[in-house]
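Chemist: With the sequences and hints as input, model every part of the structure.
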Amino acid sequence: MKISRAEVEHVAKLARLSLTEDQYAVFTPQINNILEYIEKLNELDTANVPPTSHAIPLSNAFREDEVKPSIGLDLTLANAPEKEGSTFVVPRVI
Amino acid sequence: MLKKREISAVELTKSIYDRIDRVENEINAFVTMNKEEALVAAEVANQRYKDGTAGPLTGIPLGIKDVICTKGLRTTCSSKILGNYIPPYDAMVMTKLREAGAVIVGKTNMDEFAMGSSTEPVWTGPTHNPWSLEHISGGSSGGSAAAVAADECLGALGSDTGGSIRQPAAHCGVAGLKPTYGRVSRYGLVAYGSSLDQIGPITKDVTDLAIIMNSISGYDPQDSTSVPREVPDYTAALTHGLKGIKIGLPKEYFISGIDPEVVTAVKNGVTELEKLGAEVLDVSLPHTEYVVAVYYVIAPAEASSNLARYDGVKYGFREKSPANLMDMYYQTRTNGFGPEVIRRIIMGTYVLSAGYYDAYYRKASQVRTLIRQDFEEAFKVCDVLVTPVAPTPAFKIGQMTDDPLQMYLSDIFTLSANMAGIPGMSVPCGFSSAGLPIGMQLMAGHFKEETLLKVGFNFESATGFHKQKPTREPSLRIPTKRSMLHEE
Chain A
0 MKISRAEVEH
10 VAKLARLSLT
20 EDQYAVFTPQ
30 INNILEYIEK
40 LNELDTANVP
50 PTSHAIPLSN
60 AFREDEVKPS
70 IGLDLTLANA
80 PEKEGSTFVV
90 PRVI
Chain B
0 MLKKREISAV
10 ELTKSIYDRI
20 DRVENEINAF
30 VTMNKEEALV
40 AAEVANQRYK
50 DGTAGPLTGI
60 PLGIKDVICT
70 KGLRTTCSSK
80 ILGNYIPPYD
90 AMVMTKLREA
100 GAVIVGKTNM
110 DEFAMGSSTE
120 PVWTGPTHNP
130 WSLEHISGGS
140 SGGSAAAVAA
150 DECLGALGSD
160 TGGSIRQPAA
170 HCGVAGLKPT
180 YGRVSRYGLV
190 AYGSSLDQIG
200 PITKDVTDLA
210 IIMNSISGYD
220 PQDSTSVPRE
230 VPDYTAALTH
240 GLKGIKIGLP
250 KEYFISGIDP
260 EVVTAVKNGV
270 TELEKLGAEV
280 LDVSLPHTEY
290 VVAVYYVIAP
300 AEASSNLARY
310 DGVKYGFREK
320 SPANLMDMYY
330 QTRTNGFGPE
340 VIRRIIMGTY
350 VLSAGYYDAY
360 YRKASQVRTL
370 IRQDFEEAFK
380 VCDVLVTPVA
390 PTPAFKIGQM
400 TDDPLQMYLS
410 DIFTLSANMA
420 GIPGMSVPCG
430 FSSAGLPIGM
440 QLMAGHFKEE
450 TLLKVGFNFE
460 SATGFHKQKP
470 TREPSLRIPT
480 KRSMLHEE
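Order-wise, the sequence lines are chains A and B.
All residue numbers for the first sequence refer to numbering that gives the first Met the number 0, where the first residue is 0 and numbers rise by one.
All residue numbers for the second sequence refer to numbering that gives the first Met the number 0, where the first residue is 0 and numbers rise by one.
Errors might be hidden in some of the hints.
What the hints assert, rightly or not - Chain A residues, not near chain B, derived (Cβ > 10 Å throughout):
(1) M0
(2) A5
(3) E20
(4) A60
(5) V66
(6) E83
(7) G84
(8) S85
As the list claims (entries may be wrong) - One-sided excerpt, in silico: chain A residues whose CB lies under 7 Å from chain B:
(9) A14
(10) Y23
(11) P28
(12) Q29
(13) L40
(14) L43
(15) N47
(16) T51
(17) I70
Simulated from the structure, these hints should not be mistaken for laboratory data.
Think of the CB as a built atom: it goes at the ideal place given N, C-alpha and C, for glycine as much as any other residue.
Modeler: Listed below in structure tokens is the structure:
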């Protein structure tokens with residue numbers, strides 16, 4: 000086993016997901032299969048290979064830091080599940 | 000036809016919605032329709048034809064994959080978590096298409112957040128293949144490909160992170176192009192695997208691909224991965240004759256385990272290209288067998304980071320009456336995402352978590368370099384690589400949903416173009432004995448879209464596979480066997 004049910008639960012928590020017992024029973028072996036397959040990469044010696052993070056080499060994609068019109072308060076809040084005045088509302092934190 | 004005023008843009012748009020009324024309940028290609036706004040856009044297009052300011056896309060009804068933000072028009076990614084999201088802005092490709100006068104028919108169905116190869120999202124249901132309703136349309140841009148194949152629009156946009164334009168195009172018998180990474184702005188594309196994602200067209204033929212590419216390509220300072228580079232007239236590349244073009248056949252793409260009908264169709268296609276004047280040679284991409292493993296580390300890792308933003312605070316779905324803030328995050332995300340998205344978020348979070356980063360993400364990124372170098376070597380001796388798009392024709396709906404690894408392995412031929420950032424295209428090259436379309440993939444070096452379009456154009460002109468239609472009653476009153484975008 001590459002990953003135990005407890006580890007899947009730990010990782011799910013990191014990602015703010017709470018799965019049911021049934022879901023753990025399905026996902027744990029599936030994720031194990033995939034991770035076992037990925038082991039294949041260790042057949043290759045990559046000690047001296049630089050990693051690729053982007054396929055097209057681009058550096059310093061800078062632009063001028065200019066003030067531009069923004070979409071405004073109404074549009075910003077238009078999709079809010081809950082809002083009040085000019086703010087997003089979430090459940091009590093403290 | 001629009002230009003000659005044989006049909007008006009409004010008549011064309013109305014006939015598209017008539018067609019949708021007849022076939023959409025069987026196909027399920029769309030998540031959201033845009034009829035009211037489309038008819039207004041068609042009126043504007045009529046005016047542009049009258050005053051002589053119309054361009055090649057003016058009045059053309061297009062479908063837009065539901066991963067591309069459309070101002071004022073719901074954009075869901077076929078996910079419950081974005082089920083009520085109405086973007087306050089347009090993606091850059093939408094700004095460009097609207098300026099060109101295109102008519103937006105609606106938003107097309109997809110695998111949830113573009114994660115999948117079959118367009119079987121839980122929330123919006125599967126898109127059926129117009130050639131055989133019990134088969135998948137391919138994915139993740141299955142709604143776009145099926146809508147084009149079923150004449151529910153004349154062209155469409157998709158997005159491609161590991162084959163999501165090319166594979167559904169192949170399964171639905173239409174043309175699809177994934178441009179070079181950086182060619183088309185991704186501003187307003189909902190992010191999945193940011194080092195791999197790219198927007199591109201799905202159309203009835205290669206000329207239409209070129210016409211849409213002319214409109215959507217180009218540098219955009221709002222996308223930091225956009226490449227400042229001039230956009231050629233892609234239609235100028237569509238000239239006859241393939242003399243001087245070298246076609247490479249990578250031996251790793253013609254291995255056992257592939258459906259023999261697919262191999263035969265692609266090999267016949269290669270013979271056709273040879274007849275047209277191309278030179279054919281064998282090449283090798285030795286790291287092909289590692290492509291799936293690399294992809295299913297990198298894409299889920301990037302996805303887990305990109306999808307952290309769906310927390311129920313600012314937009315999208317929020318689970319009702321959570322006990323506290325933390326509970327709101329848990330409930331919203333657990334109930335808002337479907338199973339494939341949850342699986343990839345967990346995998347991605349795992350491979351990036353403390354102690355595993357080097358073993359997985361760094362290792363995969365190193366092997367990605369080897370894959371990229373394979374292509375650099377191959378393109379020293381050939382201009383275009385020809386391969387199958389998928390190892391089999393479309394499989395049946397529901398056939399693979401319980402075995403994700405098996406589904407992932409079906410992406411083997413398309414993933415590498417995204418790893419290397421090179422353009423890849425799919426054109427129809429035949430049919431299986433069951434009557435399902437088969438696609439041929441063409442890949443070229445960075446920014447060599449013109450070469451792909453030229454080869455694809457010559458191929459379809461010589462073979463005519465793209466003119467075959469699914470045997471659904473031809474109810475559009477316009478002759479849809481040919482493109483509406485250009486004269487033949």
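Chemist: Please go over all the hints and tell whether each is borne out by the structure.
Modeler: Hint check results:
1. M0: holds, 13 Å
2. A5: holds, 13 Å
3. E20: holds, 13 Å
4. A60: violated, 4 Å
5. V66: holds, 15 Å
6. E83: Label holds. Min Cβ-Cβ 13 Å, cutoff 10 Å.
7. G84: The assertion about G84 (chain A) holds, with a minimum of 15 Å to chain B.
8. S85: Given a closest Cβ separation of 13 Å, the condition holds.
9. A14: holds, 5 Å
10. Y23: At about 10 Å, which exceeds the 7 Å cut-off, the nearest Cβ of chain B leaves the hint on Y23 (chain A) violated.
11. P28: It is violated, given that the least Cβ distance between P28 (chain A) and chain B is near 10 Å, above 7 Å.
12. Q29: holds, 6 Å
13. L40: holds, 5 Å
14. L43: holds, 6 Å
15. N47: Violated, because the Cβ-Cβ distance from N47 (chain A) to chain B comes to roughly 9 Å (cut-off 7 Å).
16. T51: holds, 4 Å
17. I70: holds, 5 Å
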